Structure formats: C-alpha cells, structure tokens
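Peer 1: If you're matching them up, the sequences are chains C and H in order. Residue 80 in my numbering sits at position 80 of the first sequence, with consecutive numbering throughout. Residue 65 in my numbering sits at position 65 of the second sequence, with consecutive numbering throughout.
Derived by calculation from the structure, the hints in this document are not laboratory data. Quick caveat: nothing in here was measured; it's all calculated off a predicted structure. Glycine is no exception: its CB is placed at the ideal position from the N, C-alpha and C atoms. All clues stand as given, with none of them false.
Straight-line C-alpha distance at most 25 Å; calculated DSS-like pairs for lysine-lysine: (1) 20(C) to 100(H); (2) 100(H) to 64(C); (3) 64(C) to 20(C).
Quick look at which bits of chain H chain C covers, simulated, 3 or more residues with Cβ under 8 Å: (4) 36-48; (5) 99-111.
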Amino acid sequence: GAVVSQHPSWVICKSGTSVKIECRSLDFQATTMFWYRQFPKQSLMLMATSNEGSKATYEQGVEKDKFLINHASLTLSTLTVTSAHPEDSSFYICSASRQVRGEQFFGPGTRLTVL
Amino acid sequence: SQKIEQNSEALNIQEGKTATLTCNYTNYSPAYLQWYRQDPGRGPVFLLLIRENEKEKRKERLKVTFDTTLKQSLFHITASQPADSATYLCALVGSSNTGKLIFGQGTTLQVKP
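So here's chain C without its partners, still in its complex pose (with noise of 0.2 Å):
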C-alpha cells in the first residue's frame, strides 16, 4: 500500500510553454500533498504544501503565480510551470501523506527540461 504515481515521468518542452505535473495517491486517501524541487546532485527542496480543498502554502522564495498548484481531490495534485524557462528545467517531486504530521510518500519524480 501507500503507492504514489506521478505522470509524466519525464517532459521536454520550448521555453515559454506550461507544463502540467499529475501527483496521484494510488491506494490511499491524501490529506496534504507536497511539491519539491530537486537540483543535480543537490537535496530535496520544498515548493509548497497543498492540503485537499484549500490553497497551497508557499516556501519562500517560490513563485505562486509561476508554480501553480491544485490539490482538487484526496487523490490528486497538480502542479503546473507556467511559462517554463530553461531554469526551470529539474526533477520534480510529489509526496501525500494521509494525515498533516504523517509519513510522507513519495513519487518516482518528474524529470522536466526547458530547451
């Protein structure tokens, strides 16, 4: 059990484009989904928190109008890059947890490149 999807695997778009991020909670109900970002070589950082029905709490730093984030079901989060730029270009990566202080499990990641 606890099984997290993530679609797609991997996308290549041109710069300017949007590119929506699919997070599904398989086999659970997810209360808080998270976003992170990750960097070669460097460690997990936190976009955002979304919990089901509300807005997404933001990290600082991180920009809501560009990382849009839609947590429209106990089974489903979206994260959108509005107007990708090549430094948009990481691997992104879901996580859902069933309660707020929950074990978090995580997606296979999104591997998205900005040409």
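Chain H: place on chain C using the hints.
Peer 2: Chain H only, in chain C's frame:
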C-alpha cells in the same frame, strides 16, 4: 540559521562491513527525524523514523540513533551489500503542525563487492 548537514563526500566501503552515515543539525528542535534512500532518477524511499524521545531504532540491518543533545543522528547499515549503494537522505520534521520535511543534501554510499 537552520542547517542540516550530511557528509557530502561519498562513502566507499567493502561488502560485509558496517556503513555509518552522519546527520548533524543546528537551530532546529525536531519532533522527529527520518532517513530515506534515493536511487538516481528516482524519488526517495522511506526507511526509518525516530522520535525526539527515542534513542535508537532498528529495522533488519538498519539502525538509527538520535542524540538531541549533540543534535546528531547516525544511520548504520550492517553487513552491507552492493545493493545498498545509493544516496541516503536525512530529513527533519519541526515541532510545528505543518508536517514539512527539511532534507539534508544526502550522502552517497558505494558498497564494493
């Protein structure tokens, strides 16, 4: 400022030996600490959680210690195998109610046969 530090240098050990990884933190009062394994191009996989009032936790060949006085956690893999080769991340959860995880930069372990 708040910091979590793991040894950024790769750890190379011989198969069968015990690997010991270190996680130090400053200016945190974590409610609990977690260790994850991450393989290249994959998301982290949860290994162990230890709470602030626990000194040691074990799971099969894994052992974690947590010293809140030293502000340090040690992660041990006994009888290491080449399949244990990966990057190991420690993560702290603060005492707030947000459940946010703050990750260290990870230590890469290479177990040689």
